[in-house]
Amino acid sequence: MTSAIFPDLNGACVFLTGGASGIGAALTEGFVRQGARLTVIDLLDGTALADRLEAAHGNRPLFIRGDITDTAVLTAAMDRAVAEHGPLKVLVNDAANDQRFPVAEVTEADWDAMQAINLKSYFFACQKAAALMETGGVIVNFSSTSYMIGSELLSPYVAANAGIMGLTRSLARELGPRGIRVNALAPGWVMTEKQKRLWVTEEGVRAFMERQCLKEMMQPEDVVGGALFLASDASRMITGQTLVIDAGVVVTG
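Using this note's numbering, the letters of the sequence shown map in sequence onto residues 954 to 1206.
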């Protein structure tokens, strides 16, 4: 976990989707450590994580269990965050589903479900955030380098991630005059518990390591510093950009 401190995040109202596990849980801890007034929406129960963070840092994140593909549920959670924590400063869209599908096996229902969580929820969270950020703010949309390297068996997910990049650029242009910055963050292959449980193999890690400039597989904590930087005033003149954190694969691999 980064030791950097971003003073403007202390006391700031931050809303995070998908913050109960994986990269999201690391982001939750990162914002809590900065002193942010954090609200998290996730399908998973975040009580144990909230208890641990409160005990360690004296700052308890508000966890709301809900399905972000239901726009009414998502926007109601954002309204609650503002009611309890004050004006929204930062939205971080992180929730995602990177389920594998051979292209021949993707059904219409599969496609719709993947776009609902990986792209639709991002748009409507951004739309709601723009309405709530009356005096400016920051949106950070998590994407993935899978779009940049053309990862196989992930076509619905990769298509959504390409859409996130386009959405980020369009909103940066539209919302910039209102003082709202919009950036994307694209991690490489991060060793979350889900990845290790479902898809990590010794052969796969060895092959991917060959493509990385830095010879160490990434952990969820390695992404947090970049997210905090984009969320903070340290990046105050950065918008419409995609920050890649992938140990050097996209550029040189």
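Calculated from the structure, these hints are not laboratory results.
Glycine residues also receive a C-beta, built at the ideal position from the N, C-alpha and C atoms.
Wrong hints could be hidden among the right ones.
Label-pair distances were calculated between CB atoms; the ranges are [what the hints assert, rightly or not]: (1) Phe1076 / Gly1132: 19 to 25 Å; (2) Trp1064 / Leu996: 19 to 25 Å; (3) Glu1037 / Val1204: 22 to 28 Å; (4) Pro1040 / Glu1155: 45 to 51 Å; (5) Pro960 / Val1035: 18 to 24 Å; (6) Gly1089 / Cys1166: 33 to 39 Å; (7) Phe1076 / Cys1166: 19 to 25 Å; (8) Glu1105 / Ala1187: 35 to 41 Å.
Here's how the hints hold up against the structure:
1. Distance hint check: the CB atoms of Phe1076 and Gly1132 are about 20 Å apart, consistent with the given range 19 to 25 Å.
2. In this structure the supplied range 19 to 25 Å holds for Trp1064 paired with Leu996, their Cβ-Cβ distance being about 20 Å.
3. Between Glu1037 and Val1204 the beta carbon distance is about 42 Å. The supplied range of 22 to 28 Å is therefore violated.
4. Distance hint check: the CB atoms of Pro1040 and Glu1155 are about 49 Å apart, consistent with the given range 45 to 51 Å.
5. Take Pro960 and Val1035: their Cβ atoms lie about 22 Å apart, and the range 18 to 24 Å holds.
6. Take Gly1089 and Cys1166: their Cβ atoms lie about 36 Å apart, and the range 33 to 39 Å holds.
7. At roughly 34 Å, the beta carbons of Phe1076 and Cys1166 sit outside the given window of 19 to 25 Å.
8. Between Glu1105 and Ala1187 the C-beta distance comes to about 37 Å, which sits within the given range of 35 to 41 Å.
Consistency note: the structure conflicts with the earlier hints numbered 3 and 7.
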